[in-house]
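J.: On the provided structure of chain A, position chain B as indicated by the hints.
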Amino acid sequence: MVPALLAFGVAPLMLGVANRTKAIMAGRVGQPLLQPYHDLVKLIRKGAVYSRTTTWVFRAGPVVGLAAVMIAATLVPLGGVRALVAFPGDVVLFVYLLAVARFVTVLAALDTGSSFEGMGASREVTFAALAEPALLLGLAAVARTVGGFSLSTMLGAATARGWVAAAPALALVAAALLVVFLAENGRIPVDDPATHLELTMVHEVMVLDHGGPDLAMILYGAALKSWMLGALLIGLVVPVRTGVASLDVLAACAGMVGLAVLTGLVESQMARLRLVHVPNLLVGGTVLSVLALLLILRSS
Amino acid sequence: MKDWADPVLISIVLTSFVLVGASRLGTCVRVVALQGVLLGLLTLATRESAQSLRAPVLALASAGLKGVVFPWLLTRALRDAEVRREVEPLVGYRVSLLLVTLMLAASLWLGGRLPHPQAVTSPLVVPVAFFTILVGLFVIVSRTKALTQVLGYLVLENGVYAFGVGVVEGTPMLVELGVLLDLFVAVFVMGIMVFHIRREFDHIDTDQLTALSDWIR
Numbered sequence: 000m001v002p003a004l005l006a007f008g009v010a011p012l013m014l015g016v017a018n019r020t021k022a023i024m025a026g027r028v029g030q031p032l033l034q035p036y037h038d039l040v041k042l043i044r045k046g047a048v049y050s051r052t053t054t055w056v057f058r059a060g061p062v063v064g065l066a067a068v069m070i071a072a073t074l075v076p077l078g079g080v081r082a083l084v085a086f087p088g089d090v091v092l093f094v095y096l097l098a099v100a101r102f103v104t105v106l107a108a109l110d111t112g113s114s115f116e117g118m119g120a121s122r123e124v125t126f127a128a129l130a131e132p133a134l135l136l137g138l139a140a141v142a143r144t145v146g147g148f149s150l151s152t153m154l155g156a157a158t159a160r161g162w163v164a165a166a167p168a169l170a171l172v173a174a175a176l177l178v179v180f181l182a183e184n185g186r187i188p189v190d191d192p193a194t195h196l197e198l199t200m201v202h203e204v205m206v207l208d209h210g211g212p213d214l215a216m217i218l219y220g221a222a223l224k225s226w227m228l229g230a231l232l233i234g235l236v237v238p239v240r241t242g243v244a245s246l247d248v249l250a251a252c253a254g255m256v257g258l259a260v261l262t263g264l265v266e267s268q269m270a271r272l273r274l275v276h277v278p279n280l281l282v283g284g285t286v287l288s289v290l291a292l293l294l295i296l297r298s299s
Numbered sequence: 000m001k002d003w004a005d006p007v008l009i010s011i012v013l014t015s016f017v018l019v020g021a022s023r024l025g026t027c028v029r030v031v032a033l034q035g036v037l038l039g040l041l042t043l044a045t046r047e048s049a050q051s052l053r054a055p056v057l058a059l060a061s062a063g064l065k066g067v068v069f070p071w072l073l074t075r076a077l078r079d080a081e082v083r084r085e086v087e088p089l090v091g092y093r094v095s096l097l098l099v100t101l102m103l104a105a106s107l108w109l110g111g112r113l114p115h116p117q118a119v120t121s122p123l124v125v126p127v128a129f130f131t132i133l134v135g136l137f138v139i140v141s142r143t144k145a146l147t148q149v150l151g152y153l154v155l156e157n158g159v160y161a162f163g164v165g166v167v168e169g170t171p172m173l174v175e176l177g178v179l180l181d182l183f184v185a186v187f188v189m190g191i192m193v194f195h196i197r198r199e200f201d202h203i204d205t206d207q208l209t210a211l212s213d214w215i216r
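So the sequence lines, in the order shown, correspond to chains A and B. At position 278 of the first sequence the residue is numbered 277 (numbering that gives the first Met the number 0), and the sequence of numbers has no breaks. At position 212 of the second sequence the residue is numbered 211 (numbering that gives the first Met the number 0), and the sequence of numbers has no breaks.
Just chain B, with the same shape it has in the complex:
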């Protein structure tokens, strides 16, 4: 299975690039869903599945939650909010792509210099995890729609998850499932938030929310 780790990791990098370069919110949601499924594959690829049912269960839970449930929730929010595109990102798409390429170079450089506590399954795991975290942060700060920021948060979490899967061998299953549950609640709440923001203000541009003070009806 270990031969599959590198292609899966590179596919995760590619999905991040598509997310940063795509303007349709529907595409973005689907790409993040694909990334979740790829993370499930990564769980299978980096751990010996012979020992127990742990890896398959975790992979299935993660892929099911990130690949099916979240996209469903977010697509619903998207439909209610009646937005199709991220029209005016704070950083343009081409500049974003170039910046993200720089981030990749930086993470590869950083990943090569960090001492690893134990043998890592693939030398690419740590850089790709860093890169995914950075992309998540970048999407959160550079996009204006609330929904895209939720996606950024998800990508950020994907990075943390990839790091855990690739580097830390002995996380208790309870902890990992607990994190997934937290994530589910977070996305659930955020979906409701997006809906309420939209109902109150007729848009989901978060940069316009900064102008709010005590708003009296």
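The shape of chain A in the complex, shown without the other chains:
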């Protein structure tokens, strides 16, 4: 129960921490840490405007997308504490729930009939198609190391033993997951969340026509997604499994804050990659996952 509640409650805070890091690196004071929550509340209290060319698909997009992401959040463990729902094979369900959320967002974007949003949808789908094998193969490598096919087993007590047995391979998986984390959440070096320049946007383009509560749902869904992928990465990289649940969760939360700071640091130090070079990065992530899987298949 704890991991899901934490995800639902604290996810937008990660954005706040990343933004604050960027501001401090740039020498500014920055927005309050709780600003994402204020934004969400503001958006929910607004009304929504719908174009006459859109159909029910456009209105269903944010709702279905948020629902899919929330279900996925119940599958993710945190700091070795079992997730709300855990069964063998929930890895695949997790990845495909994220895919469903993306699919409905893309449909809603295409439903507006704007060529601009179509372009964003095309980019989003291209990058997602390259990031998905990296995620799935990386998780497969972890599953093989640990010997369980459920997220709660893979990132549970067995992770620490996995590091003893196959540290290089798990390090490769962690690097691949970091690439996926940055790509799927539209952070630099794949996409710049701060820009609204049409030629460079990927994720932001698709949601331009959403407003009010719909936009709030999309933003909250994005924050949840970022939390979940971060929790996967942290579950792997911070294998603190003392057995005392509160300590483990605390370590994982510290890891999440560290990850948010790292995201902010990357964003302050790097420029966004040119659009044609992004697939190279994602294929590189996939290659890391494949390498890890090959190493583990060989050693076992």
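I should point out that these hints are in silico values taken from the structure, not numbers from a laboratory. Among the clues, some could well be false.
To be verified - Here are the computed distance ranges between Cβ atoms for each label pair:
id : chain 1 : residue 1 : chain 2 : residue 2 : range
1  : A       : Val91     : B       : Val184    : 49 to 57 Å
2  : B       : Ala105    : A       : Gly26     : 32 to 40 Å
3  : A       : Leu274    : B       : Leu59     : 42 to 50 Å
4  : A       : Leu272    : B       : Leu89     : 44 to 52 Å
5  : B       : Trp108    : A       : Arg160    : 52 to 60 Å
6  : B       : Val184    : A       : Gly26     : 31 to 39 Å
7  : A       : Ala159    : B       : Glu87     : 25 to 33 Å
As the list claims (entries may be wrong) - Chain B stretches covered by chain A per the calculated footprint, using a threshold of three residues with CB under 8 Å from any CB of chain A:
id : stretch
8  : 7-20
9  : 23-31
10 : 104-113
Don't be surprised by glycine CBs; every beta carbon is placed ideally from N, CA and C.
T.: Below, chain B alone, put in the same frame as chain A:
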């Protein structure tokens, strides 16, 4: 020291991947230099250094030559040739990465089936050596710039060296130093060649050299 062998070998594999995926020639030169230094580390990691000075000397010579001297020579050639990028490789970068992944799988499969004459320091040595040799050959055939082909040759030699270091325990030091000297001469000559090709034709694309016949000024 043996615990370090596997991470070093995996780093060598990663440098090969970067070499195949990078388009800037400067990056390629630096990556191959890093691979040379990693090979020096591998020499230290796979052999017991307690016996003699052999392993440290060999490691230092190899790392110094491949990590400092060659990059210096090649960077000079690069500067004289005024090329920055491998613009049109015969095989694209993403396809190259996928092909190289297949090569890795093939070498791991092959390495697992070959009978080893004696105990190998790490089960990864033989596959990684095969893989590095294959990557070297692949870079030679799939890139068009003369300089990248020199790098492919170096990677190929790195693979042979890794095989020797990991599998054959008793190579005389004289032989290994002799091989390093040969390599040095080869790279030296190739650097001069690159320079001359560039001076004669204003580019270093080797695929265009096939159209030459008796070329009269």
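J.: With reference to the structure, classify each hint as holding or not holding.
T.: Consistency of the hints with the structure:
The hinted window of 49 to 57 Å between A:Val91 and B:Val184 holds, with their beta carbons roughly 56 Å apart. The hint said 32 to 40 Å for the Cβ distance between B:Ala105 and A:Gly26, and at roughly 52 Å that hint is violated. With their beta carbons about 44 Å apart, A:Leu274 and B:Leu59 fall inside the hinted range of 42 to 50 Å. Roughly 24 Å separates the CB atoms of A:Leu272 and B:Leu89, a value that falls outside the hinted 44 to 52 Å.
Between B:Trp108 and A:Arg160 the beta carbon distance is about 27 Å. The supplied range of 52 to 60 Å is therefore violated. A C-beta distance of roughly 54 Å is found between B:Val184 and A:Gly26, which places it outside the suggested range of 31 to 39 Å. About 48 Å separates the C-beta atoms of A:Ala159 and B:Glu87, a value inconsistent with the hinted range of 25 to 33 Å. Restraint check on the stretch 7-20 of chain B versus chain A: 5 residues with Cβ-Cβ distances below 8 Å, three needed, restraint holds.
Only residues whose C-beta sits within less than 8 Å of a C-beta in chain A count toward coverage, and the stretch 23-31 of chain B has 0 of them, not enough to reach three; the restraint is violated. Three residues within the 8 Å Cβ limit are the bar, and the stretch 104-113 of chain B against chain A gives 3, so the coverage statement holds.
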